[in-house]
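Asks: Using the sequences and the accompanying hints, generate a full structural model.
For reference, the chains in residue letters:
Protein chains: 4
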Amino acid sequence: MKALVYHGPGQKSWEEVPAAAIREPTDVVVRVDTTTICGTDLHILQGDVAAVTDGRILGHEAVGTVTEVGEAVKGYAAGDRVLVPAITRCGRCEYCDRGMPSHCQTVGGIGWIFGHLIDGTQAEFVRVPYADTSLYQIPAHVTNEQAIFLADSLPTGYEVGVLAGRVRPGDTVAVVGAGAVGLAAILTTGLWGAARVIAIDANKFRLDKALEFGATDVVEAGPGVVDQVRALTDGQGADVSIEAVGYPETLLTAAALVRPGGSIANVGVHGVPVELPMQDMWIQNVTLSMGLVDTVSIPTLLKMVASGRIPAEKMGTHSFTFDQMDEAYDVFKNAAENSALKVIITPA
Amino acid sequence: MKALVYHGPGQKSWEEVPAAAIREPTDVVVRVDTTTICGTDLHILQGDVAAVTDGRILGHEAVGTVTEVGEAVKGYAAGDRVLVPAITRCGRCEYCDRGMPSHCQTVGGIGWIFGHLIDGTQAEFVRVPYADTSLYQIPAHVTNEQAIFLADSLPTGYEVGVLAGRVRPGDTVAVVGAGAVGLAAILTTGLWGAARVIAIDANKFRLDKALEFGATDVVEAGPGVVDQVRALTDGQGADVSIEAVGYPETLLTAAALVRPGGSIANVGVHGVPVELPMQDMWIQNVTLSMGLVDTVSIPTLLKMVASGRIPAEKMGTHSFTFDQMDEAYDVFKNAAENSALKVIITPA
Amino acid sequence: MKALVYHGPGQKSWEEVPAAAIREPTDVVVRVDTTTICGTDLHILQGDVAAVTDGRILGHEAVGTVTEVGEAVKGYAAGDRVLVPAITRCGRCEYCDRGMPSHCQTVGGIGWIFGHLIDGTQAEFVRVPYADTSLYQIPAHVTNEQAIFLADSLPTGYEVGVLAGRVRPGDTVAVVGAGAVGLAAILTTGLWGAARVIAIDANKFRLDKALEFGATDVVEAGPGVVDQVRALTDGQGADVSIEAVGYPETLLTAAALVRPGGSIANVGVHGVPVELPMQDMWIQNVTLSMGLVDTVSIPTLLKMVASGRIPAEKMGTHSFTFDQMDEAYDVFKNAAENSALKVIITPA
Amino acid sequence: MKALVYHGPGQKSWEEVPAAAIREPTDVVVRVDTTTICGTDLHILQGDVAAVTDGRILGHEAVGTVTEVGEAVKGYAAGDRVLVPAITRCGRCEYCDRGMPSHCQTVGGIGWIFGHLIDGTQAEFVRVPYADTSLYQIPAHVTNEQAIFLADSLPTGYEVGVLAGRVRPGDTVAVVGAGAVGLAAILTTGLWGAARVIAIDANKFRLDKALEFGATDVVEAGPGVVDQVRALTDGQGADVSIEAVGYPETLLTAAALVRPGGSIANVGVHGVPVELPMQDMWIQNVTLSMGLVDTVSIPTLLKMVASGRIPAEKMGTHSFTFDQMDEAYDVFKNAAENSALKVIITPA
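Residue numbers (our numbering), protein chains in the order written: chain U, -3 to 344; chain S, -3 to 344; chain C, -3 to 344; chain B, -3 to 344.
Note that these hints are calculated values from the structure, not bench results.
It cannot be assumed that every hint is accurate.
One copy or two, either will do: identical chains are not told apart, so a pair holds if it fits within one copy or between any two.
[To be verified] With a straight-line Cα cutoff of 25 Å, these simulated SDA-like cross-link-like pairs (lysine to any residue) come out: (1) K329 - I279; (2) K200 - G4; (3) K329 - Q275; (4) K329 - R19; (5) K200 - V45.
Replies: Here's what the structure looks like:
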């Protein structure tokens, strides 16, 4: 079979590799019908993720069809159309029991193993361990294009942004950064009844998308952001502030936007420390949350997509085939410039 | 001033009465700009509510303008446009502290006192006790027609139905009875991310309204309801079942519609006991809730109306002036036949 | 091996049966080191549970040692000391995902299968299906006598009583019925900070035990119970009322004991309908919960036992060996008369 | 009357001042029967709190007797024994509605006004504004010594530590700093069922008190703390980590002690920024909370004290009379060295 293989920083190729196969009785093999690229894949290619070594097949998001089933697997059969999420779940360790497979102790100490600790989904086929507790059946009337972004982007924006930020009915939510994950948060703020959603970004295309995805107001990134958000909120600030970029300054902006008693939900991946003004913040009764996605919200999100409440397919702005993998990466790498959010990649 | 006065079962008249006036330093007087009629008013006129005696001014819902202010009142001034809610709140008793002014020990042992234990809002002016803790300022861009149904109907459907039933994102909600309060529940299920909302009623007009208010499916009331709801839910039943009628059979229907682990939220006012099939229900891990509205959700609902997320004004289907009070009652009394939901009553 | 086999209503015998053995790759076999008897076993012997047929090995609670392991089992090895809980959990169906293996769709439509749909734990060995997601390791310093009651009684009182009743710090909790499960509720009310716990029973031994297990007040069952509980609670009633008997009159007592806004948690198993006075209750803002145990609280309870906060071993008042099985049943059947709570049964 | 008056940094005196008197119809005057000193009073005396100016009467904690009542006050009468809490609550602003009088917009933009924005409680009498919504009746059988620490210390440890940190049954809680507030947290971890409580401090007296107040383990502060806490928790870290000191290093220690998915509750008052290692923390799914006490937990804590579940009086280690005010401050200022926790100050 063919797959996209990592060969060290800056190096990848769509090449022939040994076929994916069952190794444990709890495995299945899935034929990949749709995959996509995540910002984390770009980090890997920059050499930022030491655990990913030469020869690793990339990718951790897929919709596909089960082709082989290990003998202990009871919930899936060949032919089933399934969602392969970013997080693998043993279903029995202490963290899985707590609904936190992001930190599953069994599958790798971390739940994100595809395209990281084991071969991934940017391939014709993928071996899926712990299939019974990790895969999701896709309802008949949900398309692959609707389902694919539930593998990672949507749950990330929803769980790490909206859920961790404890959005509640009537809230005003500010979202710093309207890239794919920020937009995923915006798209799902309605699940908890946000009254107003303020999107903040420097890119016009993204701000337009934000309005299309449910934002009620947009603010252009810049030095006046805090003042503008206060002006929009009777001088109070937002109830929940979601950081979806990953830099000290964007986190500090998110922190400055929130009212007393509010929540700051950090979704961004950080590379350096952040100096928090605790001398001002300690008295504000705020909460700062952060974390890796668990993907445990997928059943909820699938229901919202199935009932037409969430147009998840709108996240996909560009389509490619497997043999256009390089082109897909190029477009996604410069997403804002290309008016791109997420790419959809399918067999020819 | 003039007001609608109760004179015993079946007897009411729009007549001259002594002007509303401040009695306690915590009172204000409000000029009524908009009022409406509640199903409870009909019960009173049938003589069902013993505490309401001859001479009582009816009504417990109003939007109006403050005209006089007691000397201890700090939050309101003459000229303020305010919402007078069905529930009066002392703000300091144990029940108010728990967010349950429905059972405020101070104002009357029960929080519903207007048109019940004190004179009500179907009048040109009304005295409002405990004004600081009971009234709500209406934002400038929210109209009287948008605000009036937040005095009782919307909070009732939302608090006693959606909140008490603990609707959560992705849930399927069945609503038994699509009258004003059932529709209020339907209109607010989205605040907690319901994926599907199934409305059940015998009246075609109401089922049409249900779809307009956010229901995804409608089922005509009748012996096949349970089977039809199961067919719509993969045989499982609803996550939350809201009863908005008030008869044993409708409560039993609501109970039969819910899946294991689900919630039955009783909103209806009951007059007789209900025989629950505990021999079947005990093992179902269900919860049955019930209660009087607290109206503490008004700030949330005002924000949802202000941001355009809830079209509360759609509850008002017919308009009358104070001198058409009898006609307003007649239309509301036969709401379903008149294709009416709620009436709007204003000065000439 | 030997086991206690059901042979129709009133008939059971400790007899030779085929050895327990692995059937599925997800099974283990456990040597039973400690077991006990549940009230449900008595119901089965009365012929009340139709699904239990002639030849079935009884019992659904055990502490034991793993002797054989299926090839897909990853979390357990021969020699591990484990708790076999009353509920079996597939770990992947919709109900298990919701933390409700009581209704696991995979293992039998209901999570209680031992001594019911498959052979049980009152035996020298027991086959345990779905071992990885159903068993619990017992910490080294927790004894078998401390762990055995975590298989069913303690989680039942805690989950269906304390958790479903939503006990919160400062609450007054009334417990109607101080048998094993009522006492389990009393023993665990402290986990959520109950300020006062009022035990109600007709049996003096049980009331004494209630005080020993954490009750602050005891009331003898009888016509004056409601008045006495009101007298103990400034006329208000309890915040949470737990029913641990299973008759209409005890449920109605529990309902009468609760204050406005309170919770009635039904733990008892009911055989007939219950007529609820909804004409009085609808306005009380109360909640009535009910259900089968999930046993998902076992990790929490194990921690509380391990740290010495819950003396679970006090539930065991009488000890027997396997060959005294009949005597054990006789004592447990007349528990109150024998000053017994739960029995402990071990190999010779 | 006499009172302790602030006269600029380092300057205070117990001197004659004008008698406290009613100014608003919502005021009462309280005769102070018991007061105490808070760490914040020491900060004020160091000149750290700019809003406190020359002439201000210090103190924000009292138990006393109502002597005068404003005409709009309905809940209190002369002779009532009351708790005067650190936070004053208007009971009607948006923050009070949210249960956050710490940020009451009406009383001063901040809920802490006694001994800060208005005259305080270290005096023979104190004027209490917003009395109906701010005071608490003390049950007859609760002594002044039991009630006084519910004015600030206990609610602070409980609300900002235990509640904000979301302690849940079975949790392991680490408390960094076992001064009065850290001990208050330890004393109340049991309200949410903590299984283990690890106290960390450099002072032997405080660690002994921690064990007396409910800690299961103590660790001496120093470079090995993180390793020791991990050793006590199977290498995982605590579920909840409470910071009760207020320095960057202690907050970083608290952050390092928590497991993935855990909560860090900052209770300490900070004077400088804190550099958070977000490059390591973002993936840990942790939450950092912080804030000023609301004192809304006082009703709960009063019930726990009344039922004997919390021995609040143990916080008081030294007693003084009003004319020993200087001595009381001296002992409290060097609390650790004096084996002191909190002081009790009463009229002669």
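Asks: Hints broken by the structure, by number, lowest first?
Replies: When the structure is compared with the hints, numbers 2, 4 and 5 turn out to be violated.
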